[in-house]
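One letter stands for each residue in the lines below.
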Amino acid sequence: MNEGSKKTIRLLCFSVLGMFTFSFALVPLYDVFCEVTGLNGKIELEATTNQNLETEIGRDVSIQFVSHNNEQMPWIFRPSESQIKIQTGKYHTATFYVKNPTNKRMIAQAIPSVAPSNAASHLKKLECFCFEEQELAPGEEALLPVRLIFDDELPDSIKSVVLSYTIFDVTDYNDLEMTDHHDGHEMEASL
Amino acid sequence: MFKKVTTTVNKGLAAIFLSIFTSPSFAAWSDLNMTQGVTAISKEVFGLHMLIFWICVAIGIVVFGVMFYSMFAFTKKKNPNASTFHENTSLELAWTIVPFLILVLMAVPASNTLTKIYDDTEGDINIQVIGYQWKWEYRYLEDNIGFFSNLTTDLDEIYNKTPKGEHYLEEVDEAVVIPVGKKIRFLITANDVIHSWWMPDFAIKQDAIPGFINTAWTIVDKPGTYRGKCTELCGKNHGFMPVVVKVVPQDEYDLWVTGKKEAALKMAELTEKTWSAEELVQRGEGIYQKNCVACHQSNGAGIAGIFPALAGSDIVLNNKARHLEILMEGVQGAAMASYANQLSEVDMAAVITYTRRSWGNAENGDGEIVVPTDIVEYKKPKV
Amino acid sequence: MSAVIETHDHDDHHHGPAEGLTRWLYTTNHKDIGTLYLWFSFAMFLIGGAMAMVIRAELFQPGMQIVEPEFYNQMLTLHGLIMVFGAVMPAFVGLANWLIPMMVGAPDMALPRMNNLSFWILPVAFFILLSSLFMEGGAPNFGWTFYAPLSTTYAPPSVTFFIFSVHIMGASSIMGSINVIVTIMNMRAPGMTLMKMPLFVWSWLITAYLLIAVMPVLAGAVTMMLMDIHFGTSFFNAAGGGDPVLFQHIFWFFGHPEVYIMILPAFGITSHIIETFSRKQLFGHTSMVWAMTSIAILSFVVWAHHMFTVGLPLAAELFFMWATMLIAVPTGVKVFNWVTTMFKGSITYETPMLFAIAFVVLFTIGGFSGLMLAITPADFQYHDTYFVVAHFHYVLVPGAIFSIMAAVYYWIPKWTGNMYDERLGRLHFWLSFTGVNVTFFPQHWIGLAGMPRRVPDYALQFADWNMVSSVGAFLFGASQILFLFIVIKTVMGGKKATPEVWEGARGLEWTVDSPAPYHTFSTPPKVS
Numbered sequence: 001m002n003e004g005s006k007k008t009i010r011l012l013c014f015s016v017l018g019m020f021t022f023s024f025a026l027v028p029l030y031d032v033f034c035e036v037t038g039l040n041g042k043i044e045l046e047a048t049t050n051q052n053l054e055t056e057i058g059r060d061v062s063i064q065f066v067s068h069n070n071e072q073m074p075w076i077f078r079p080s081e082s083q084i085k086i087q088t089g090k091y092h093t094a095t096f097y098v099k100n101p102t103n104k105r106m107i108a109q110a111i112p113s114v115a116p117s118n119a120a121s122h123l124k125k126l127e128c129f130c131f132e133e134q135e136l137a138p139g140e141e142a143l144l145p146v147r148l149i150f151d152d153e154l155p156d157s158i159k160s161v162v163l164s165y166t167i168f169d170v171t172d173y174n175d176l177e178m179t180d181h182h183d184g185h186e187m188e189a190s191l
Numbered sequence: 001m002f003k004k005v006t007t008t009v010n011k012g013l014a015a016i017f018l019s020i021f022t023s024p025s026f027a028a029w030s031d032l033n034m035t036q037g038v039t040a041i042s043k044e045v046f047g048l049h050m051l052i053f054w055i056c057v058a059i060g061i062v063v064f065g066v067m068f069y070s071m072f073a074f075t076k077k078k079n080p081n082a083s084t085f086h087e088n089t090s091l092e093l094a095w096t097i098v099p100f101l102i103l104v105l106m107a108v109p110a111s112n113t114l115t116k117i118y119d120d121t122e123g124d125i126n127i128q129v130i131g132y133q134w135k136w137e138y139r140y141l142e143d144n145i146g147f148f149s150n151l152t153t154d155l156d157e158i159y160n161k162t163p164k165g166e167h168y169l170e171e172v173d174e175a176v177v178i179p180v181g182k183k184i185r186f187l188i189t190a191n192d193v194i195h196s197w198w199m200p201d202f203a204i205k206q207d208a209i210p211g212f213i214n215t216a217w218t219i220v221d222k223p224g225t226y227r228g229k230c231t232e233l234c235g236k237n238h239g240f241m242p243v244v245v246k247v248v249p250q251d252e253y254d255l256w257v258t259g260k261k262e263a264a265l266k267m268a269e270l271t272e273k274t275w276s277a278e279e280l281v282q283r284g285e286g287i288y289q290k291n292c293v294a295c296h297q298s299n300g301a302g303i304a305g306i307f308p309a310l311a312g313s314d315i316v317l318n319n320k321a322r323h324l325e326i327l328m329e330g331v332q333g334a335a336m337a338s339y340a341n342q343l344s345e346v347d348m349a350a351v352i353t354y355t356r357r358s359w360g361n362a363e364n365g366d367g368e369i370v371v372p373t374d375i376v377e378y379k380k381p382k383v
Numbered sequence: 001m002s003a004v005i006e007t008h009d010h011d012d013h014h015h016g017p018a019e020g021l022t023r024w025l026y027t028t029n030h031k032d033i034g035t036l037y038l039w040f041s042f043a044m045f046l047i048g049g050a051m052a053m054v055i056r057a058e059l060f061q062p063g064m065q066i067v068e069p070e071f072y073n074q075m076l077t078l079h080g081l082i083m084v085f086g087a088v089m090p091a092f093v094g095l096a097n098w099l100i101p102m103m104v105g106a107p108d109m110a111l112p113r114m115n116n117l118s119f120w121i122l123p124v125a126f127f128i129l130l131s132s133l134f135m136e137g138g139a140p141n142f143g144w145t146f147y148a149p150l151s152t153t154y155a156p157p158s159v160t161f162f163i164f165s166v167h168i169m170g171a172s173s174i175m176g177s178i179n180v181i182v183t184i185m186n187m188r189a190p191g192m193t194l195m196k197m198p199l200f201v202w203s204w205l206i207t208a209y210l211l212i213a214v215m216p217v218l219a220g221a222v223t224m225m226l227m228d229i230h231f232g233t234s235f236f237n238a239a240g241g242g243d244p245v246l247f248q249h250i251f252w253f254f255g256h257p258e259v260y261i262m263i264l265p266a267f268g269i270t271s272h273i274i275e276t277f278s279r280k281q282l283f284g285h286t287s288m289v290w291a292m293t294s295i296a297i298l299s300f301v302v303w304a305h306h307m308f309t310v311g312l313p314l315a316a317e318l319f320f321m322w323a324t325m326l327i328a329v330p331t332g333v334k335v336f337n338w339v340t341t342m343f344k345g346s347i348t349y350e351t352p353m354l355f356a357i358a359f360v361v362l363f364t365i366g367g368f369s370g371l372m373l374a375i376t377p378a379d380f381q382y383h384d385t386y387f388v389v390a391h392f393h394y395v396l397v398p399g400a401i402f403s404i405m406a407a408v409y410y411w412i413p414k415w416t417g418n419m420y421d422e423r424l425g426r427l428h429f430w431l432s433f434t435g436v437n438v439t440f441f442p443q444h445w446i447g448l449a450g451m452p453r454r455v456p457d458y459a460l461q462f463a464d465w466n467m468v469s470s471v472g473a474f475l476f477g478a479s480q481i482l483f484l485f486i487v488i489k490t491v492m493g494g495k496k497a498t499p500e501v502w503e504g505a506r507g508l509e510w511t512v513d514s515p516a517p518y519h520t521f522s523t524p525p526k527v528s
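Residue numbers (our numbering), protein chains in the order written: chain A, 1 to 191; chain B, 1 to 383; chain C, 1 to 528.
The set of hints was computed from the structure by calculation and includes no laboratory data.
Keep in mind it's a predicted model, so treat the numbers as computed, not measured.
Some hints could be false.
[Claimed, not checked] With a Cα cut of at most 30 Å, we get these calculated DSS-like pairs of lysine-lysine: (1) B:Lys222 with B:Lys161; (2) C:Lys495 with B:Lys78; (3) B:Lys379 with A:Lys104.
[Said to hold, decoys possible] Covered by chain A, according to a simulated footprint, are these stretches of chain C (three or more residues, beta-carbon under 8 Å): (4) 178-185; (5) 208-217; (6) 233-239; (7) 244-251.
Glycine included, each C-beta is placed from N, C-alpha and C at the ideal position.
Required output: the full structure, derived from the provided sequences and hints.
Now the structure itself:
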C-alpha cells in the first residue's frame with residue numbers, strides 16, 4: 001500500500017487512542033470545571049486556604065440545611081437548625097446531629113450539594129465533617145460541625161442557598177475482611 | 001417573496017399566540033396537546049410550545065407545498081425535459097439567513113422564559129422531594145412533617161382481575177399538599193438511582209440524583225389535584241411511582257399541617273399503648289398491601305427464584321428475631337430494603353405481626369407477634 | 001496504485017469468488033463483506049423488531065398482560081441497542097463497503113483483511129449481548145443509554161457482558177472507519193478531486209471521522225463503568241466523590257454525534273436517489289457538502305440537550321439550546337436543496353424514489369419535533385415522554401431505515417444483476433409508510449398528554465392512542481417480512497438489469513456490469 005495510506009492509518013490510530021484518553025481526561029476536567037464554575041452544585045471536599053474571605057460589610061443570605069440518608073443508611077442525621085440567615089464575608093458554624101442506632105460500628109461519608117449551582121463556587125469551608133469519613137461506634141452520637149463562609153462575590157441575585165448533605169454507608173469499603181459484603185452490595189439487583 | 005419577521009416584545013409574542021391558539025375552537029384538540037397548566041410559568045411554556053409548533057407548521061406548508069407541487073407538475077410525462085439549473089448562490093444564502101432569523105425569533109422568548117424559571121429565590125414553603133425505588137418521600141422543612149407517597153392502585157387492577165379505577169396508576173396514599181398562591185420550593189434528590197419528578201401542570205421537571213440536590217419552584221393559581229409521573233428509568237417499577245399534588249386554599253392547608261403534626265403526636269402515643277394481636281393484624285394488612293405485595297404477593301407466595309415466599313417461610317414461622325432484623329436492616333445483596341426509616345414503630349410491628357399470622361402461618365409456626373415497643377427496643381443502642 | 005493488484009490482474013486464481021461456505025468466512029472482497037454486513041443488519045433488524053413487537057403488544061392495552069416489568073425493561077434496552085448498533089450502523093457500513101470503492105474507482109477497501117475482521121467480530125458481540133437474556137438476573141435492563149448508577153450499582157450480573165459486547169462493537173466501528181477514511185483519502189481514481197466525489201462518499205467520509213472521534217469516548221465510558229462495578233472506583237458514585245451526571249456528559253458526548261452518524265449516510269443516499277429519479281443534477285452540490293460538515297462539527301457542542309433536566313446552570317442551558325437550534329439551519333439547507341432538485345425535474349416514482357421522498361418529508365417532521373425539543377423550557381414538558389420517543393423514531397425509522405431500504409432497492413440491481421419486483425416494492429413501501437405513521441404520529445400526542453418513556457403500563461387517558469400505535473407497529477413489523485421476501489426473490493432471479501439500471505443515474509458504479517464483477521476497477525478509471 002502507498003505511503004499516503006500508511007500515514008493516514010497511523011494518524012487515525014493515534015486519534016483513536018487520543019480520544020480514548022480524552023474520555024478519561026474528562027473525569028478530572030469535569031471536576032476542575034465544576035469547581036471553578038460551581039456547576040452541578042459540587043463544592044470542594046477540602047478546607048479553603050484563602051485567608052482573605054472575611055469582609056466588614058456583607059449582605060444577608062439565608063441558608064437552608066437539608067439532610068438525607070442514602071439507601072438503607074440507618075443513622076439518624078439531621079441539621080441542628082434547618083434554616084439560618086447569615087452575612088456574606090463572615091464565618092458561621094453550623095452543626096449536624098448524627099447517631100448510629102445499630103449494634104455495629106459504622107463509617108459514613110457525607111457528600112454535600114449546593115443549589116443554586118452558581119452559588120457553589122462562592123461557598124468556602126474552613127472545616128467540614130464532609131472532608132473525612134466519620135466513624136461511629138454502636139449507639140454513639142455526635143454533633144458534627146461545618147464552618148463556612150460565603151465570599152462577597154456571591155451574585156446579588158442569590159438570596160437563598162440550599163446546602164444539602166447526603167450520608168452514605170462506606171463501612172464495607174473500609175473493611176477488607178468484609179469482601180463478600182462488598183460484592184453483595186455491588187450486585188444488588190434492580191428487581 | 002421573503003418575509004422578514006421583526007422581533008417584538010417577548011411577552012407580547014407569547015401572549016399573542018397564546019391568546020389565539022387557546023381560544024375555544026382549539027379546545028377540541030386539548031386531549032392531544034400539552035396541558036396549559038395552572039401557573040404563570042406553565043402558561044408561558046405552553047405558549048412557547050404552540051409558537052414553535054405553528055412556525056414549524058408554516059415552514060412545513062411552504063416546503064412540502066413546493067415539493068408536492070413538483071411531484072405533480074414535474075412528472076416525466078408532464079415535463080419530459082428536466083431543467084438543468086443546479087445552483088443559485090443568492091437563493092441559498094437567503095434560505096440560510098432567513099431560517100437563522102426565524103430561530104432568533106424563537107430563541108428570544110425561550111431564553112426569557114428559561115431565565116424566569118431559573119430565578120431561584122426563597123420559597124414560602126420548602127419541600128424536600130426524595131425519589132426511592134419505587135415511591136416518593138416528601139419532607140416539609142419548616143413544619144418538620146414527612147411522609148412517603150406510594151401508588152395505591154391495586155395489583156388486581158394492574159393484572160386485569162378487576163376493572164381499572166378512574167385514576168389508574170395516578171393515585172397515591174399521601175399526596176403533597178400545598179397552599180394556593182404561595183411560593184413553593186422543591187428540593188429534589190434521590191435515595192438510590194436517578195429518578196425524575198415531573199408535574200406537567202406546573203411545568204416542573206427535575207432529575208432526582210443520589211447525592212445531589214436540584215431545586216424547582218412554583219406558585220399555583222388554582223386549587224385542584226394535579227398528577228405527574230416519574231420520568232427517568234429507575235428500575236422495575238418506574239411506571240408505578242406517580243406524583244400527586246393537592247393545591248388547597250391557605251386555611252385548608254393550615255388545617256392539614258396541624259392534622260399532620262397531631263398525627264405525629266398520636267403515633268407516639270400509639271407506640272406506647274398495649275396492642276392486641278387482632279388489632280396489629282388488621283392494621284398490618286393495609287401496610288402489607290401498600291408496601292409488600294409487589295414482591296411478596298397478596299398470598300404471601302412471592303415469586304419462585306426471585307422473591308421469597310412469606311407463607312410457610314421458616315423465618316416467619318419460627319424466627320421472630322431474624323424476621324425483625326430483616327425488616328429493620330434489609331438484606332445485603334438483595335432487593336429487600338430496610339424499612340426502618342419508612343415505617344413507624346406501630347406500622348412496622350403491625351406488618352410483621354400480620355405476616356406471622358396470615359396464610360396459615362399462625363397455625364404452623366410459633367405464632368409470636370411483634371408489638372411497637374419491640375421496635376423501640378430494637379432501635380435502642382446495644383452496648 | 002499498488003503493484004500487487006496489477007499482478008493479480010493477470011493471475012487466474014483471483015478471477016472469481018472462492019467456493020463453499022468458507023468463502024464468506026475468509027473473504028477480503030469489499031462486495032462480499034458488504035453483503036455480509038447487509039444480511040447481518042437485516043437479521044438484527046428483525047430481532048430488534050421482534051422485541052418492539054413485544055413492547056407494543058404489552059402497550060396495546062393498559063394493564064400488564066404479556067410480560068413482567070423486569071422483562072419489559074430488558075426488551076426496551078435490547079431493542080434500542082440492537083437497532084442502533086446491530087441494524088442501522090452495520091447497514092450503513094455494508095452500503096459503504098459495497099459502494100465506496102466503486103464510487104471512487106478503487107479496486108477494494110484500503111485494508112481488506114481488517115475489513116473482514118471488522119465484520120466478523122459483530123456476530124460475536126451480538127451473540128454475547130443476546131445470550132445475556134438467558135443469564136441469571138436477565139439481560140441489561142437499564143435502557144440503551146445505560147445511565148449510572150442504575151447500570152452500575154444496581155445492574156444485573158450480565159452488565160459485564162454488555163460492556164464487553166459494546167467494546168467489541170466499538171472496535172468494529174473504529175476499524176471500519178479507518179478503512180473508509182484511508183480508502184477515500186488515498187485510493188480515489190486520478191482526476192477525482194474531493195469535490196468531484198459523490199455525496200454518499202462524502203457523507204461516509206464525514207461519518208467515519210465522527211466515529212473515530214466518539215467511539216473511543218463510548219469505550220471510555222463503559223470502561224469507567226466496569227471499573228466502578230468491579231474495581232471499587234467511584235467515577236459515577238457520589239459516595240466516593242464521583243457523579244452520576246458525569247456519566248451522562250461522557251455518554252452524550254458520544255451519543256449526540258452518534259445520532260448524526262446514523263443519519264449522515266442517509267443524507268448521502270437520498271441525494272443520489274433524488275438526483276437520479278428527477279433526472280436533474282442535484283441542486284447545490286457544494287452547499288450539501290458544507291451542510292454535512294457543519295452538522296458534523298455542530299454535533300460536538302450540543303450533547304447536553306439530552307440533559308436539560310439534570311440541574312445544569314442557566315448559562316449552560318442557554319448555550320446548548322442555541323447551539324442545538326442552530327443545527328436546523330444546515331439541515332434545512334439540505335431539505336431545500338432536495339426539494340429544489342425535484343422542482344422542474346422529470347420525475348418517475350420507482351420504489352427507491354418513493355422511499356427517498358418519504359424520507360425527506362418524514363425526516364423533516366422528525367426535525368420539527370427536534371426543534372421543539374431544543375427549546376429548553378418546553379423540553380421540561382417533553383423530556384423523557386413519548387414526545388421524545390416519537391421524535392427519534394421519526395428520524396430513525398422513516399429517516400435512517402427508509403433510506404437504507406431506498407438504497408437496497410436502488411442498488412440491488414447492481415449487486416445481483418436482477419431487477420426487484422416493482423409492484424411488490426411499491427406494496428412494501430405503502431404498507432411501511434402507513435405502518436410507520438400510524439405507529440409513531442400518535443406518540444407525539446400521548447407524550448404531550450403526559451405519558452413517560454420506558455414504562456410497561458399507563459394511565460387510562462393514554463389507552464386509545466397506544467392501541468392505535470400498536471396496531472401500526474404490527475402492520476409495520478409484518479411488512480418487513482414482505483421486504484425479506486422481495487430481497488430473497490431478487491437475489492434468486494428477476495428481470496435482467498443493464499449496467500446503467502436507472503435512466504439518469506450518475507456515478508462510476510453505473511459504468512460497470514450488473515451484477516458488478518467480483519473485482520472492479522483493478523485498473524483505475526479516468527475521471528474527467
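Subject >> 8 Å C-beta test of the segment 208-217 of chain C against chain A, three or more residues >> reply: This one holds; 6 residues, not fewer than the three required, reach chain A with a Cβ under 8 Å.
Subject >> Outcome, coverage hint (the segment 244-251 of chain C, chain A; C-beta under 8 Å; three residues) >> reply: With 4 residues closer than 8 Å to chain A, the segment 244-251 of chain C meets the three-residue bar; holds.
**OP:** Take a quick look at whether lysine 222 of chain B and lysine 161 of chain B sit within 30 Å of each other, Cα to Cα.
**Re:** Status violated; Cα separation ~37 Å.
Subject >> Distance restraint between lysine 379 of chain B and lysine 104 of chain A, which requires alpha-carbon spacing of 30 Å or less >> reply: holds, 12 Å
**OP:** Verify the proposed pairing of lysine 495 of chain C with lysine 78 of chain B, using a straight-line Cα cut of 30 Å.
**Re:** holds, 28 Å
**OP:** Closer than 8 Å, Cβ to Cβ, for at least three residues: run that test on the segment 233-239 of chain C against chain A and report holds or violated.
**Re:** Our answer is that it holds, as 3 residues pass the Cβ test (under 8 Å) against chain A, meeting three.
**OP:** Count the residues of the segment 178-185 of chain C whose CB lies closer than 8 Å to any CB of chain A, then report whether that count reaches three.
**Re:** Holds, because 4 residues of the segment 178-185 of chain C bring their Cβ atoms closer than 8 Å to Cβ atoms of chain A.
Figure legend: structure checked against the earlier numbered hints; the only hint not met is number 1.
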